[in-house]
Each structure stands twice: as C-alpha cells, then as structure tokens.
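Protein chains in written order, with the numbering used here: chain G, 1 to 334; chain S, 335 to 624; chain Z, 625 to 960.
It is worth saying that the hints were derived from the structure and are not from the lab. A few of these clues could be false.
Unchecked claim - Some chain Z residues close to chain S (C-beta under 10 Å, calculated; not the full set):
1) Leu-642
2) Ile-745
3) Tyr-782
4) Leu-788
5) Gly-790
6) Ala-797
7) Asp-799
8) Thr-906
9) Val-917
10) Phe-926
11) Phe-932
12) Val-941
As the list claims (entries may be wrong) - Listing some non-contacts, in silico: residues in chain S with all C-beta distances to chain Z over 10 Å:
13) Glu-343
14) Glu-348
15) Thr-371
16) Ile-374
17) Ala-376
18) Pro-399
19) Gly-411
20) Gly-438
21) Arg-460
22) Ser-523
23) Trp-529
24) His-533
25) Ser-560
Positions of the beta carbon are idealized from the N, C-alpha and C atoms, including for glycine.
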Amino acid sequence: MAETLLDIRDLSVRFFTYQGVVRALENVDLAISKGEILGLVGETGCGKSVLARSVLRLIADPPGKIWGGEIFFKGEDLLKTSNRRLRHVRGNEISMIFQEPMSSLNPVFRVGNQMQEVVVLHQQVERAEAREICIDMLQQVKMPDPEEVLSKYPHELSGGMRQRVMIAMELSCRPDLLIADEPTTALDVTVQAQVLTILEDLTRKRGVSVLFISHDLGVIAQLCDRVAVMYAGRIVEIAPVEELFSIPRHPYTRGLLKAIPRIDEERDTLLVIAGMVPGLIRPPEGCRFHPRCEAVTNPCDRVVPRLVEVVSGHQVACHLYNDSGEKYDADTRH
Amino acid sequence: MKRIKKEHEWQIREFLFTLKLLSKNPSAVAGFVIIATMVIIALTAPYIAPYDPIKISLRERLSAPSMVHLFGTDEMGRDILSRVMHGARISLRIGVLVIGIAGGLGVVIGAVAGYLGRQADNIIMRVMDVILSFPPLVLAMALAAALGPNLNNAILAVAFVMIPKFARMVRGEALAVKEKQFIAAARASGAGSMWIILHHIIPNCLSSVIILATLLLGETILIAASLSFIGLGAQPPVPEWGAMISVGRKFLMDQWWYPTFPGLFILVTVIGFNILGDALRDILDPRIRR
Amino acid sequence: MRILTYILKRLIYLIPVLIGVTILVFVISHAIPGDPARMMAGQKASREAVENLRRSLGLDRPLPEQYVHFLTGLFRGDLGVSIRNQRPVIDDLKDFFPATLELTLMSMVLCIAVGLPLGIISAVRRNRPIDHISRVFSVFGVSMPVFWLGLMLLLLFYRNLGWLPGSGRLDVAMDPPLHVTGLYLIDTLLEGSWGKFGNAVHHIILPAFCLSYVYVAIITRIVRSSMISVMGQDYITTARANGLAESVIILKHSLKNSLIPTVTITGLSIGELLGGAILTETIFNWPGMGKYVVDSVNFLDFPAIMGFTLVVSFTYVMINLLVDVLYAFLDPQIRY
Chain G
1 MAETLLDIRD LSVRFFTYQG VVRALENVDL AISKGEILGL VGETGCGKSV LARSVLRLIA
61 DPPGKIWGGE IFFKGEDLLK TSNRRLRHVR GNEISMIFQE PMSSLNPVFR VGNQMQEVVV
121 LHQQVERAEA REICIDMLQQ VKMPDPEEVL SKYPHELSGG MRQRVMIAME LSCRPDLLIA
181 DEPTTALDVT VQAQVLTILE DLTRKRGVSV LFISHDLGVI AQLCDRVAVM YAGRIVEIAP
241 VEELFSIPRH PYTRGLLKAI PRIDEERDTL LVIAGMVPGL IRPPEGCRFH PRCEAVTNPC
301 DRVVPRLVEV VSGHQVACHL YNDSGEKYDA DTRH
Chain S
335 MKRIKKEHEW QIREFLFTLK LLSKNPSAVA GFVIIATMVI IALTAPYIAP YDPIKISLRE
395 RLSAPSMVHL FGTDEMGRDI LSRVMHGARI SLRIGVLVIG IAGGLGVVIG AVAGYLGRQA
455 DNIIMRVMDV ILSFPPLVLA MALAAALGPN LNNAILAVAF VMIPKFARMV RGEALAVKEK
515 QFIAAARASG AGSMWIILHH IIPNCLSSVI ILATLLLGET ILIAASLSFI GLGAQPPVPE
575 WGAMISVGRK FLMDQWWYPT FPGLFILVTV IGFNILGDAL RDILDPRIRR
Chain Z
625 MRILTYILKR LIYLIPVLIG VTILVFVISH AIPGDPARMM AGQKASREAV ENLRRSLGLD
685 RPLPEQYVHF LTGLFRGDLG VSIRNQRPVI DDLKDFFPAT LELTLMSMVL CIAVGLPLGI
745 ISAVRRNRPI DHISRVFSVF GVSMPVFWLG LMLLLLFYRN LGWLPGSGRL DVAMDPPLHV
805 TGLYLIDTLL EGSWGKFGNA VHHIILPAFC LSYVYVAIIT RIVRSSMISV MGQDYITTAR
865 ANGLAESVII LKHSLKNSLI PTVTITGLSI GELLGGAILT ETIFNWPGMG KYVVDSVNFL
925 DFPAIMGFTL VVSFTYVMIN LLVDVLYAFL DPQIRY
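So that you can see chain G by itself, here it is in the shape it has in the complex (with noise of 0.2 Å):
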C-alpha cells in the first residue's frame, strides 16, 4: 500500500449568501497516496472546484468560509498553517491547474514572465536560470518553439497552448501533488486527448500524484487509478477505476454509468436519473440523494449514510450496506 500524501477529513464548507447558507461539502472523507492519480467525479455544481480549492484555502471569504475538518499534507494541517508556510506550499509542493485556460493568465504579462515568476519565487535561482527550467518544461509538454513561447502574451496562443503552459508553470517547481480542476473540459476533444497524453506522462514519470477532477466519465476511465464519486457536496463511492466501472455500487454510480450509451447496446431513448440535482442551500434530509434513488428505503430519508469498505478499496456511502460492509438482501431490508 503506498503511503498517503494528502488525507482530507470530515471537510465541510460552506457559503453564506443573500439566499441563505449553501452547504458545499458535508463530511467529506478523500486520501491520495504518493504517485496515484485519483479521478474525483460528479455532476456541476456537486462541490468537485469547492474541494479542490478547499486544499490550498483558496475559498473567498467571504462568502465562504471552511466549517470543519483536517487536510493533512506532509504531517501537517493546510486548514492550520501559517500564511507564510501556505504560500510555500501553493505552487511548491502542490499545484493547481484550473478550467479555463483563456482567463488563467494575466493578459498584460508575457508567459515568461509569469513562468518564470513562479520559478524564482520557490527554487530561489536567478531570471536566467529560471528561464532555462521554463524552457525545459515546455519542451517537456510538447510546446513548439518554446523560446519564443516565452515572448508571447497569452492571448497569442490557442486554449491547448495555454492549458500546456499552465501545466508546464505547475509541474516546473516540481510538486508533490498537482489539483486539476477539470482542465480539458473547455478544449476541443482532439487538443482534449493531447493535453491528456502529456498531463498523465509528466506525472507518472516525475511521480507526481494527481487529483483529477472531472465530469467527463471517459477521461476519468482512461486517466485515473482510483475514482471517487461526489454528489451534492459528499462523496458517495470511492473505488479502483476498473471496478468502479465494471461494479458500482451506490444508486448513483449505477444511474451515471447507465446514463452513458454503449455501442453495444440497441436504445431508443437516453436512460437518465430521474429529478434534478438539489440546491444546497436547504439539501434533502439524510441521504441527499434519496429523493432520486431507485433503491430508497427506510433510514434514506433520516440517517446520512457513511463511506463503508464493501470490498478492500472499494467504499460506499449508501443504507443498502451495513457498517459492515455487507449488502442488504431484499428480505433482509426492514
């Protein structure tokens, strides 16, 4: 079993708006071990960015505020650093790549010069060193002519340049784990494949762990080692990627995977989950998904269900398994 880099508990944040209180994250339970990437997955608006950002306290206070928990990193808590080892670690020891990579560069400064920023800020080295390892790692993803990348202001350069230069910037401090934050969702599906090739490359080769985060079920199938399932600000089903997809186990799961069309199967109509995603100013009570399950039952609708080992390394947050992992039987519900 390799060791845990980053272990996240009973994270919960929340949002304070006009409407009232959003709840994001409720009890959020994720680790991630040293050269695993693991896929998080889930609708818009289920707290996927919420967590992601949650990591390197870069929720906006207000309106947000984090309401409880540890992120353990390296044998300390990120909730509980000082601002000045935070800011070391941002960049340094864990990085982050966003969505949209047409507004994450500064438009009046040239990629060098934001490239390099980072560099010099954390490997202490001068300009002209810096330069070099910026040459480097564009190169290392694939950049045509990076020289004269570093020239270029970033409206100069495609959506897949920019998202490659955002990785470069990101994996140049060599860090121990980098947050992508579904950063192919807004490329073409040909550069959507490229970026893909070079992200898992560079990190499987540097070791880099990844949390990878999407609501793509196919670039998490082809990318991930294990996959974790959130719905409406909790985390539902934790499993390797293989069984995840082969045997899910929460109604969720089971409704997402249906959801997709198989080549191989004759369908008139699309199967969907029936209902809508819940606002989660007021969420259902209990199991916020019960409203939608197809296998409701009785503790549904009170208790919240949490995240119990069915199989080793696979976890469900669902009543049809007892504290024990074990699944109830039809006759044995009640």
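Chains S and Z: place on chain G using the hints.
Quick look at chains S and Z alone, frame taken from chain G:
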C-alpha cells in the same frame, strides 16, 4: 392585444421589484429622502418660507444667523433662508428642464444612430464626439455667453452639453438590442423603423436612461450654479444658489453665512442625486437582480 | 508596428473631430446677438468707422468664406483680438498659460498621489471602515461645487487659521522669479530663491487641493471598482494558487490590469481640470487662463472667450489622443 398587456404586466412587476430592492438599500433611501426634501422645499417655498425672498430691509443688512433669520441676511437685508428655499425651486426647475430636453433629444438621437447603424451612426456619433470634445463647463460657458446672460439661455446651453451623453449611452444599448430576436420578428411583421425605435429600442434602454438622468441631474445643477457664479445664468437678484454665492463671495470674510448656506444646499442636493443614482445603478445591474 | 497603425488610425479619426470643433466654435461666435463690428469699434465710433472695421474684418462676406478665413487664421495662430485690451488673444493666452499649467499639474500630482493608493486600499479592504470612509469622500467629491469648496477652504485656512494665503501665486510684495518655464515652483528652485519657493508652495496648496478634490474622488472610485473587478478574475486566483505574496498580487498582477480604465478616466479628468480651473482660479485670484476667461465673460469679450474655448478643446482632444496611445502600451491585446 393580450400579448401587449402581458408585457405591461411584466414591466409593472419588474418595477415593483425594483422599488422593493430600493427600499432595502440605505443609500437609495438616503438619496431619495434628500431629493424628496428638496422637492418639497421647492414646491412649498412660497408658502412656508419665513420671509419674502426679494423684500429688502436695509436696517437688517448683513446680520448673522439668529432666531429671527436662521441663515442670516444678505447685503440688502433679505432673509437668506427664504432665498435659499426659493433657490431650490429654481435649481430643480433648471435640472428638470435641462434633463428633459437633453434626455428627450439625446435618447432619440442615440436610438436612431444605434438602430440605423453604419453611415447614419457614423455621422451622428461624430457630431456627438465634437460636442464631447469640450469640457462641459467650457462649452456651456461659451454658448451661454454667446446667447446672452440669462437663465433660459443657460438652460439651453447646459442641455446642449448634456445631449451627447444620453445619445452615446442609448446608441450603445441600441446597438446591442437591435441584434435581438424580437426586433427581427417585429421587422418581419412589417413594423417601420421609427415604430421599432419608439416601441422596442427605447423601452429597453429605459433603466439605463433613468440611471443616467439621475446622475446627470446632479451634474446639471452643478454646471448651472457654476454658470450663475461666473455671471452667465441667473442674474442677481434672482435667488439662484450659484448667483447668491457669486455675490456673497465679496462678503466671505466678515459675513461667512452668506455664501456658505446656498453652497451647502447645492452640495446636499447633488449628493442626493448621486447616491440615488449609484444605488439605482447597483440595483439595476442584472447580475445582482435575481 | 501595429502600434504605429493604431496611432495613425486614431490621428485620422481626430481630424474630422478637430474640424468639427472649429466649426462649432465658429457657429457659436456667430450666434452672438448684436453687431460684432460695432462692439469692437465701441459705442462712440461713427457708422463709417464701424463699416470700415466690418469690411476689414471680413464680416460682410458670406459665412462659408468667413469660416475659411477663420480657419486659415487659426493655422497662423490668429485667434482674434481681445476687445478688452486690444491685444491678440493668443498673446494673452500665452501669458496666462503657465500659471494654469502649473496649477493643473500640481492638481494632477495630488490626484494620482492620493487617488491611486486610496482606491487600491479601498478595493483590498472592501467593506471595511477605510472603504466606507473613502466612498463617502468620493460621493462628496463628485457632488462638490468647486467654487464653494474654495470659499470654505479660504474661510478655514486663510481667515480662521491664518495658515495659508488667500490669493495669487506669490506674496504681493515679492517679485516673480526669472522666467524659465513660467512655473514658479521650478523657476524659484532654478534661481535658488528658497524663500520664494516656499512662498510659491504656500500659495499653490489651497488652489491645487480645491481643484483636485473632485478628481481625486473620481479617480479613487474608478481605481476601486476596476481593482475589485480585476481581483475577481481567474488569473488572480492562479497567481494566488502559485504562492505569490498578496502584495505582489495586488501591486503587480492586479494593478497593471486596473490601470487601463484608470488611465482613461485620468486622461479625461485632465481635460476637465481645465474646465474646473476656471472656477478655482477665480476664487483664488490665480492669474491663469481660467481667470482670464471669467474676466472676459464679465466684459463680454467674445474673441477672448472663443479663443479660450478653442484652445482648451484642442488640448482636451490631444490629451485624449495621448491617453489612447498610452492605452495601447498598457494593453497588449491591442498591440498584437
């Protein structure tokens, strides 16, 4: 017919929602209270002012503020409080006239330019740019001087300066609105340009026009007072605030109250319009409305 | 090279606007009721003298021809002759220009020195006490009648406290420094007259504060709002996620982006300062173009008034061109 009625219903609901948001916003309420007070003073001045604003009483000239004359008296013994109250009538009248004229003309010019586009837009906007190439007070001053130093000419001069501000804003909005579907639909059902401009383009710019009008009302009062101060607008003995300051300036050192109170009223009135306008702008911002 | 094309395009756009400005001034000066020739000749001149004057001024020719005459005169720098003192208006303006320039520059310095930091602090400490104070200050600023503010300042600092002088650029007893730039603050230093320098500073404080007050408020507002908008952008989150210090994020990454709208408004404000100078110079007896034109207004000296209007609007237009060029330097998306 029913469709038009539904549209009016929706507009009325939006309007009431805006009023509700306004009532919750402290600046809006403060601004409204200030303006309402000034309007009430302006409307009731002839009835509630303690003295006749033009009645001369040389015995009491240049007396300091007291229980008899709350704001003191001027060099002719006239009660300054009463004059200031009547000044509110004049300033608000100037404001309404100027914004009415400039707004009316400016909105139509801007809407026509924006809707017609291309050549017409080019020419009209160039003309507007020329007018905007002058600092507002300077142009108003030149116009007022040329037309002759009296209040009505000052009103025309300031209105002239304000027209391009409305025109430019409405033109921008018209350019955006004219691309929308319902305009094409109206055109397809045979509506003429003027009708579309009047019934579709302008109503859609209404909220921005109201905000601009509120803010420009403040600026108008300032420019008009400045013109009177220089000697180009209201002429003494008319109790216009700027004119009073112009005369009162001579007496600043020993009779501080003379220019102080009229100026205070200018300040407060313009503050009222500005904070109301700002609050309106924040509220009508579509991102904040839910 | 695209910057040059950009500048050229702006220049070409400018020319019709400048021509329009001359046309407008020409039209206004011909809206003047009354007989300009008679006004120049004076009430007592004979009818014949007035007619001669009218012919020599070309006032009997058709309007378009008069306009051309007017325009060619402009190219020569001929703005007409002042009725008040019979001097060419251009000479008068040249005499009074340095004083106005000095006042405007000082005000600009104040505007930026106070407005920029105040706006930044306001944005960074949004909704905290300092923000509320500066927002109140802003509202007062844009609502303030400049001439009244000047009077109140005189009341406080001149009459009541006696700290600062109430008029002019130097004490009446002092001679002006040797004329190098016309700006007393510089000329006194060049001359080495420390006493005079201090005196000049004393005299410029109140008028500069008064003139700049409105624009400090405007600049503070625009800096605040553009900083707030910039700091909500994704690239700022990226910078923060990379571990950059807050001060770097504010002063390097955010500020440069906020400068774009700020520079635009600041440029426009310079033009308006020229307008506000009219009032401030009058209150403080500052011998600049503003006071000159107000005196001309009282005298109904139309050539002077129109000459001033023309010069000021040309300056305004040129400043806007400069602002546009500066804009191109600040925003690379325009250049490339």
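Next on the checklist: Checking each numbered hint in turn, tell me which of them this model violates, lowest number first.
Outcome noted: 2, 4, 6, 7, 21, 25
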